[in-house]
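Protein chains: 2
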Amino acid sequence: MVSATSMGYDDDRASINLPDDKDMLSKVKQVMKEKSQLEPEYLVVVGIGGSNLGTLAVQEAVLGKFYNQLDPTTKVLYADTVDSDLINVIVKMVETTLERDGNIILNVVSKLGTTTETVANFEVIIDSLRRCKKEYGKYVVVTADEDSKLWNLALKEGFSVLEIPKKVGGRYSVFSPAGLFPLGLLGINIEHLLDGARSIRDTCIDVDIEKNPAAIGAAIRYQHYKSGKNIADLFLFSNDLESVGKWYRQLMAESLGKEFNKKGKKVNIGITPTVSIGSTDLHSMAQLYLGGPHDKFTTFVRVENSTSHIYVPRLGGYSELVSGIQGKSLKDIMDAILEGTKSAFGKDGRPFVEITLPDRSENSIGQFLQFKIIETIYLAYLLDVNPFDQPNVESYKRETRKILARKKKY
Amino acid sequence: MVSATSMGYDDDRASINLPDDKDMLSKVKQVMKEKSQLEPEYLVVVGIGGSNLGTLAVQEAVLGKFYNQLDPTTKVLYADTVDSDLINVIVKMVETTLERDGNIILNVVSKLGTTTETVANFEVIIDSLRRCKKEYGKYVVVTADEDSKLWNLALKEGFSVLEIPKKVGGRYSVFSPAGLFPLGLLGINIEHLLDGARSIRDTCIDVDIEKNPAAIGAAIRYQHYKSGKNIADLFLFSNDLESVGKWYRQLMAESLGKEFNKKGKKVNIGITPTVSIGSTDLHSMAQLYLGGPHDKFTTFVRVENSTSHIYVPRLGGYSELVSGIQGKSLKDIMDAILEGTKSAFGKDGRPFVEITLPDRSENSIGQFLQFKIIETIYLAYLLDVNPFDQPNVESYKRETRKILARKKKY
Numbered sequence: 001m002v003s004a005t006s007m008g009y010d011d012d013r014a015s016i017n018l019p020d021d022k023d024m025l026s027k028v029k030q031v032m033k034e035k036s037q038l039e040p041e042y043l044v045v046v047g048i049g050g051s052n053l054g055t056l057a058v059q060e061a062v063l064g065k066f067y068n069q070l071d072p073t074t075k076v077l078y079a080d081t082v083d084s085d086l087i088n089v090i091v092k093m094v095e096t097t098l099e100r101d102g103n104i105i106l107n108v109v110s111k112l113g114t115t116t117e118t119v120a121n122f123e124v125i126i127d128s129l130r131r132c133k134k135e136y137g138k139y140v141v142v143t144a145d146e147d148s149k150l151w152n153l154a155l156k157e158g159f160s161v162l163e164i165p166k167k168v169g170g171r172y173s174v175f176s177p178a179g180l181f182p183l184g185l186l187g188i189n190i191e192h193l194l195d196g197a198r199s200i201r202d203t204c205i206d207v208d209i210e211k212n213p214a215a216i217g218a219a220i221r222y223q224h225y226k227s228g229k230n231i232a233d234l235f236l237f238s239n240d241l242e243s244v245g246k247w248y249r250q251l252m253a254e255s256l257g258k259e260f261n262k263k264g265k266k267v268n269i270g271i272t273p274t275v276s277i278g279s280t281d282l283h284s285m286a287q288l289y290l291g292g293p294h295d296k297f298t299t300f301v302r303v304e305n306s307t308s309h310i311y312v313p314r315l316g317g318y319s320e321l322v323s324g325i326q327g328k329s330l331k332d333i334m335d336a337i338l339e340g341t342k343s344a345f346g347k348d349g350r351p352f353v354e355i356t357l358p359d360r361s362e363n364s365i366g367q368f369l370q371f372k373i374i375e376t377i378y379l380a381y382l383l384d385v386n387p388f389d390q391p392n393v394e395s396y397k398r399e400t401r402k403i404l405a406r407k408k409k410y
Numbered sequence: 001m002v003s004a005t006s007m008g009y010d011d012d013r014a015s016i017n018l019p020d021d022k023d024m025l026s027k028v029k030q031v032m033k034e035k036s037q038l039e040p041e042y043l044v045v046v047g048i049g050g051s052n053l054g055t056l057a058v059q060e061a062v063l064g065k066f067y068n069q070l071d072p073t074t075k076v077l078y079a080d081t082v083d084s085d086l087i088n089v090i091v092k093m094v095e096t097t098l099e100r101d102g103n104i105i106l107n108v109v110s111k112l113g114t115t116t117e118t119v120a121n122f123e124v125i126i127d128s129l130r131r132c133k134k135e136y137g138k139y140v141v142v143t144a145d146e147d148s149k150l151w152n153l154a155l156k157e158g159f160s161v162l163e164i165p166k167k168v169g170g171r172y173s174v175f176s177p178a179g180l181f182p183l184g185l186l187g188i189n190i191e192h193l194l195d196g197a198r199s200i201r202d203t204c205i206d207v208d209i210e211k212n213p214a215a216i217g218a219a220i221r222y223q224h225y226k227s228g229k230n231i232a233d234l235f236l237f238s239n240d241l242e243s244v245g246k247w248y249r250q251l252m253a254e255s256l257g258k259e260f261n262k263k264g265k266k267v268n269i270g271i272t273p274t275v276s277i278g279s280t281d282l283h284s285m286a287q288l289y290l291g292g293p294h295d296k297f298t299t300f301v302r303v304e305n306s307t308s309h310i311y312v313p314r315l316g317g318y319s320e321l322v323s324g325i326q327g328k329s330l331k332d333i334m335d336a337i338l339e340g341t342k343s344a345f346g347k348d349g350r351p352f353v354e355i356t357l358p359d360r361s362e363n364s365i366g367q368f369l370q371f372k373i374i375e376t377i378y379l380a381y382l383l384d385v386n387p388f389d390q391p392n393v394e395s396y397k398r399e400t401r402k403i404l405a406r407k408k409k410y
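Chains C and E, in that order, give the protein sequences.
Be aware that the first sequence starts at 1, since it is given in the numbering used here, and climbs by one per residue.
Be aware that the second sequence starts at 1, since it is given in the numbering used here, and climbs by one per residue.
These are calculated hints, taken from the structure and not from any lab test.
One or more hints might be untrue.
Identical chains share a label here; the pair holds if one copy fits it or two copies do between them.
What the hints assert, rightly or not - Below, in silico cross-link-like pairs of lysine to aspartate or glutamate (EDC-like), each with a Cα-Cα straight-line distance of 20 Å or less:
1. Lys33 x Asp85
2. Lys65 x Glu242
3. Lys65 x Asp101
4. Lys331 x Glu242
Sequences are here, hints too, so could you generate the full structure?
See the structure below:
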C-alpha cells in the first residue's frame, strides 16, 4: 500500500491519499464560498457513474432521500443519463428559477469530459443558462482532469475549475473535488467526511492483518467466492443508505469484474453485487434468500443511532393486530427484525457479516466508503485482477459511436 | 390456465381474472370519488412488499419519479418499513398539513393486517390523525382480506374498506384494490391499466405456444437457467421504470426461489433478479456484464415514445468534447447507446431479449406487468415449484417475534 503520508498521486492507489490533501480542500472551500454567495436555489450535478454516485450516496445518507421536499436553501438535481423525461423536468425547474431571477449552480463532473451523456446534458442545460444570464460563466463549476478538453473549454469560458488527480479513477473519486464540492455546497461537513476516511484508512493499511478490518473483510469474501458464492448482497437496514449501496455496486462490479487476470489469462471473473434495503426487501427477497440457492454472501449494515425517535402508541382496539409492538420504538422493532433475520440466516447456513455504523454522520459515512474502497482493492489482489481499469466498457461505447454516426440530425 | 371468462377467485391463479371484475372496479371508483371530494393534499400508503410495490411501480412509471416535486393536487408518501427517520418525515408532513386544516387520505394495505411494519406505521400515523381530526374515520381506507382482523377493526372504526380476494397473493395484487385505489386517487386511469392487462392476458393464455409471448419468454429463461445463468437482469432504459424493476424483483424472487419443489424434494432452486437502469448503470455495471462471468440472462426494456423531446443544441466551442451529438435528440442518443450495448452483448455471447413498450401509458404498463406475472407462473411450472407460496419467510418472522417479546417497552 502507498504510504499514507507520501501525499503522492502518481500511483494507481492514489485515491487513499485524498483525505490528507489540504491544498485540494482549501481550493474546494474557496469555490464553495464564492458560489454560496450567489445563494443558488438549485445545484445541478451533471455527471454519471463515478462522477455522481459518491455525491448521491453521501448526500442521501447524511441529508436524507426527502432532502428536496424539505425546502432546503439549495435543492439538488442529478442529470446523469440522457433520459428525455428526466432532463425535461430538470430543465423546466432550472428555467423557472432563472426566469424569476433566481440562481442555480451547474457542476459538471467528468474526468476527461468525453462522456456522451454528460456532454449532451451539459450542452442542454448551459444553453438555458446562457439564454437567461448574461454572465453565465460564474454559475458553472467544472470538475475534471487538468488539461483535458473540458478543462480547457472551462478556462476559455471563464468557469471555475476543480481538479480530479489523473490517477484517481471515477469510482475512487468521492473524496476528490468530484464529491467534495457539491456535497460542501449542500451544507455537508466535508472536513468530517475526510476525517472519517482518514481515520479508517490508517486502520485499514495496518500490516498486522488481524488488526486490519479491510484485509479480514477481503479474505472472508474471497473464501466465499471460492466456495461458489457468486453474488454479494449489501443489505442496508436504513432507507437513506440505498444510494450508498449503488455506489458500492459500481466499486465492486468495475473493480472485480474482469475478462483477464493480471497475468493476461482469460478468466471472466467477478462477483455480482446486489443491494437490499431492510426491512423493505425482506418482504420481496427473503423467500429467495432463505429458500433459494446457496449462491450469496450477505453484508448486513445497521445504523446504531437514528436521528428521530418514534414510538408505537398504545391505541385501544389496535393491539390485537400485531402483539408486542405497542409502546416500543420503531428503532427497537427494526433491530428485532434484523436480529431475527440474522438468526434465520445462521440457522440455515447462509453466510453473512454485519457492520454497525454509529450513525449517518459525515464521519461515519466517510469511514464506511473508505473501508469499502480499501477492502475492494485487497479483494482484487486476492483475485489477481487489476482493480483500477475497466477495459470492457470500451466495447459498447465503440458500437454506440458507430450507430450514432449513422443517425440523422435535426 | 384458468379460463379468462370464468371470473372466479377460488384458484391460486385467480389474479389473472382481476381485469374483468366490474364489481371490484365500481367499488374502487366509488371510494375514490368519496375521498377525492375531501381534496387530500397527501395520500399516505401504508403497506410493504406486495402491498405497495405495484402501486409505486405504476405511479412512478406513469407520473414520474419527480411527481411530488411537481406540485400535484395530491402528493403521495409511502410508509413501508419501520425506519424512524423515514416515518418521522412522513409524520411531520402529515401533521403540518392537518394542523393548517388540510386533509390527507390514509390507505392501509395488508392482506391479513398482521404485518408488523404495516401495523406499527398505521398506529403511528392514525394517532396523529385522531389528534387532529374529530371525524378521523372518513380519511382512512383499509384494503385487506374480508373478515381479517384488520377488516373487522376497520368496520368498527367506520373506515372505508376494499377487499383483496383471498386467493390473490401480495405480489399478484397490483390489479386488485391494493393497487387500483391509490393509483386512481392520484389521477391514474385505472380502466386503461386494466385494459392493458386484459389485452395481453388474452394473448398470454393462448394454447398455441408459438403465438404466446409469456410461454416463449418462460421457455427461454428456463433454458438459460439450466445452462448456468443464475442471475436475471432486468435492464430498463427509462429512469422512471426503476420501481417496475423492484416490483418484478419480488415477483421473480418469491415465486421461483424455493427450498422444495412441488414433489416435496429439497432443491434450493431460484433465479436472482437484478435491476439495472440504462444508460446510468452502464457506467457502473457494464465492465462486469461484459468482462465478468457468464452467469446472467438480460432483458432489455426500451420505451418507444418519450413524452418530452429535447435536442442537443449546436453550441460553438462545445462540439469537440464529444463529436456527433449536436443536433440530435436525447432519445436518439439513448437509443444508440442501447443498440451499441446489445451489439456488444451479442458479440461477446451474452444472452438477452428485448421488450419495447410503446410508451409509459397506463395501458402499456398494465400490459408489461400482466405479461411478467403470467411468464413467471409458466416459469415456475417449468422449474416444478409453486409460484404462489412463500414458506421460508416464516423463519425470520418467527425469530423476530421471539426477540421482540424480550425487548422492553417504554
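Going down the list of hints, with the structure as the test:
1. Lys33 x Asp85: neither (33 Å within a copy, 30 Å between copies)
2. Lys65 x Glu242: For Lys65 and Glu242, the Cα distance is within 20 Å both inside one copy (9 Å) and across copies (16 Å).
3. Lys65 x Asp101: Neither: 28 Å inside a chain and 27 Å across chains, both beyond 20 Å.
4. Lys331 x Glu242: within (18 Å within a copy, 28 Å between copies)
Comparing the model with each earlier hint shows violations of hints 1 and 3; every other hint is respected.
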